[in-house]
Amino acid sequence: MGTFFEMGGYAAYVWPAYGLATLVVVGLLVLSVRRLRSAERMLTLLEQARRERVDDGPDA
Amino acid sequence: MHRFANPARFMRLSARLLPWLAGATALLLAVGLYLALIASPPDYQQGQAVRIMYVHVPSAWLSMAVYGAMALASIAYLVWKHPLAGLFTKAVAPVGAGFTALCLVTGSLWGEPMWGTWWVWDARLTSVLILFFLYLGYIALVGAFDDAERGLRVGAVLVLVGTVNLPIIKFSVDWWNTLHQPASVGRLDGPTMDTAMLIPLLVMALAFTLLFAVLALVRTRAELTWRKVEVLRLFQAAGE
Amino acid sequence: MRALWHLIRRDLTLVLRSGTDAGAALAFFVVTVTLFPFGIGPEPEILGRVAAGLIWVSALLATLLSMERLFQADYEDGTLDQLLLAGVSAEAIAMAKIAAHWLVTGLPLLIVAPVMAALIQLPAGAYGVMIASLALGTPVLSLIGGIGAALILGARRGGALLALLVLPLFVPPLIFAVGAIDAAALGLSPRPNLLFLAGLLAAALPLAPVAAAAAIRQVLD
Numbered sequence: 001m002g003t004f005f006e007m008g009g010y011a012a013y014v015w016p017a018y019g020l021a022t023l024v025v026v027g028l029l030v031l032s033v034r035r036l037r038s039a040e041r042m043l044t045l046l047e048q049a050r051r052e053r054v055d056d057g058p059d060a
Numbered sequence: 001m002h003r004f005a006n007p008a009r010f011m012r013l014s015a016r017l018l019p020w021l022a023g024a025t026a027l028l029l030a031v032g033l034y035l036a037l038i039a040s041p042p043d044y045q046q047g048q049a050v051r052i053m054y055v056h057v058p059s060a061w062l063s064m065a066v067y068g069a070m071a072l073a074s075i076a077y078l079v080w081k082h083p084l085a086g087l088f089t090k091a092v093a094p095v096g097a098g099f100t101a102l103c104l105v106t107g108s109l110w111g112e113p114m115w116g117t118w119w120v121w122d123a124r125l126t127s128v129l130i131l132f133f134l135y136l137g138y139i140a141l142v143g144a145f146d147d148a149e150r151g152l153r154v155g156a157v158l159v160l161v162g163t164v165n166l167p168i169i170k171f172s173v174d175w176w177n178t179l180h181q182p183a184s185v186g187r188l189d190g191p192t193m194d195t196a197m198l199i200p201l202l203v204m205a206l207a208f209t210l211l212f213a214v215l216a217l218v219r220t221r222a223e224l225t226w227r228k229v230e231v232l233r234l235f236q237a238a239g240e
Numbered sequence: 001m002r003a004l005w006h007l008i009r010r011d012l013t014l015v016l017r018s019g020t021d022a023g024a025a026l027a028f029f030v031v032t033v034t035l036f037p038f039g040i041g042p043e044p045e046i047l048g049r050v051a052a053g054l055i056w057v058s059a060l061l062a063t064l065l066s067m068e069r070l071f072q073a074d075y076e077d078g079t080l081d082q083l084l085l086a087g088v089s090a091e092a093i094a095m096a097k098i099a100a101h102w103l104v105t106g107l108p109l110l111i112v113a114p115v116m117a118a119l120i121q122l123p124a125g126a127y128g129v130m131i132a133s134l135a136l137g138t139p140v141l142s143l144i145g146g147i148g149a150a151l152i153l154g155a156r157r158g159g160a161l162l163a164l165l166v167l168p169l170f171v172p173p174l175i176f177a178v179g180a181i182d183a184a185a186l187g188l189s190p191r192p193n194l195l196f197l198a199g200l201l202a203a204a205l206p207l208a209p210v211a212a213a214a215a216i217r218q219v220l221d
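Residue numbers (my numbering), protein chains in the order written: chain W, 1 to 60; chain L, 1 to 240; chain S, 1 to 221.
Since the hints were made in silico from the structure, they are not lab data. Take the hints with a grain of salt, since some may be wrong.
Chain W side only, calculated, beta carbon under 10 Å to chain L, not exhaustive [stated by the list, open to error]:
| id | residue |
| --- | --- |
| 1 | GLU6 |
| 2 | TYR10 |
| 3 | VAL14 |
| 4 | PRO16 |
| 5 | TYR18 |
| 6 | LEU29 |
| 7 | ARG35 |
| 8 | LEU36 |
| 9 | SER38 |
| 10 | MET42 |
| 11 | LEU43 |
| 12 | GLU47 |
| 13 | ARG53 |
Residues of chain L clear of chain W, computed beta-carbon distances all greater than 12 Å [unchecked claim]:
| id | residue |
| --- | --- |
| 14 | PRO58 |
| 15 | ALA91 |
| 16 | ALA140 |
From the three backbone atoms N, C-alpha and C, an ideal C-beta is built for every residue, glycine too.
One chain only, chain W, in its complex shape:
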């Protein structure tokens, strides 16, 4: 197990490389999904508000 983490002495290079890759992959996924969710939430809110205004009538 120890030799695995040591990566033949190159641990200081290999692990940051894979760590950054993980960060980029996970980061892009998380940010993208969050952006989608917040857009969907905003859309639901606005559509709801629009329905209420239409129900109340234009002069309300």
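We have chain W already, so just place chains L and S on it with the hints.
Same frame as chain W, but now just chains L and S:
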């Protein structure tokens, strides 16, 4: 392509596709990581450091492939007025930039133990650096217009200008590199491809490609949804 | 063709009347080249080795500096709209502006550069090639910069954006131009590099106005 031209249709199709793509991506990433870090052999010359290649090279491939996708989409957008193409280009630009940045940093991490220097102006790394600026320029440009549609159109022109220039840039950088050949720098390619190393490389490349597909769908959905939000906001403001 | 010539004359008059823009690029070029020896030391060997690059990067930045507002004034006061409505092609407008820009920026650089090159110890055999590279290269810079200027029309913070946009596109002419000068300085043939540079100019002359026009039309539709 025409199947996806209708936004509502795109939303339905992407909703059905996403779970499968996400699952396949996770599977391939897991397999790829296992192969890259555990199952594949160390290199005769580079030792365990060669494992960085399994992240570096697929990132390089994706960074160029994403730009190619942006170029095709920009043509569809400007020439055929494909309604989703502009949003797709905007959506995937950060993904391309991310892969490019990953390629550059892993290139540094690979270069330091191999050649004792954190940055090397070798032809490929330099071209990727310039590609990174092309991505950043696009992202900045599209975001700089109050009128979102205008930003998409101008951005598409920029992408096409960049596409025409990319072969020229690559050629000139190659040329420049041979003129100034540094003392003992080889290509950041890794060893000649043994099957034991080719398979993990291809698996990781495929995993990254599927990841790109997932991100492209999610982000394009987000762009479409935000556009609907903007339209509703305008109605609201006009109605008040 | 006559319309193009009229446009160029109009743009030249506007620029020369304003005065400040025209001089700024040249002043920037002179100041930048002059500053370098203070930054990297006065040793002739070192200066001479990097002189070609210094001249060219300074010329490039000076071009960039004066490029930002290329279409701005006409865009803001509606002239651009009127010209297009009157049937003038966007390509002609772009070509005229770029030509005027080069006449006011590139040409003076070309004239002043040999003096600045002498200040930073450019090797003796390289002067002719340096002038040739600037003669071929500065129009390329104006042409590429023109595309950038058209792209940032109506954008916020256009200046910073412009630098980011055209930087990748400026790399090839820079490489070939400096390559030619360095070759000449070493006694080798500058022809391959100069031919590539000429090729860039030949390609940019028809293509850049088309790209700039496409950008202008996107903004005005």
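Tested hints:
no.: 1; hint: GLU6; verdict: holds, 8 Å
no.: 2; hint: TYR10; verdict: holds, 4 Å
no.: 3; hint: VAL14; verdict: holds, 5 Å
no.: 4; hint: PRO16; verdict: holds, 6 Å
no.: 5; hint: TYR18; verdict: holds, 6 Å
no.: 6; hint: LEU29; verdict: holds, 7 Å
no.: 7; hint: ARG35; verdict: holds, 5 Å
no.: 8; hint: LEU36; verdict: holds, 4 Å
no.: 9; hint: SER38; verdict: holds, 8 Å
no.: 10; hint: MET42; verdict: holds, 5 Å
no.: 11; hint: LEU43; verdict: holds, 5 Å
no.: 12; hint: GLU47; verdict: holds, 7 Å
no.: 13; hint: ARG53; verdict: holds, 7 Å
no.: 14; hint: PRO58; verdict: violated, 9 Å
no.: 15; hint: ALA91; verdict: violated, 9 Å
no.: 16; hint: ALA140; verdict: holds, 18 Å
Checked against the numbered hints given earlier, the structure breaks hints 14, 15 and satisfies all the rest.
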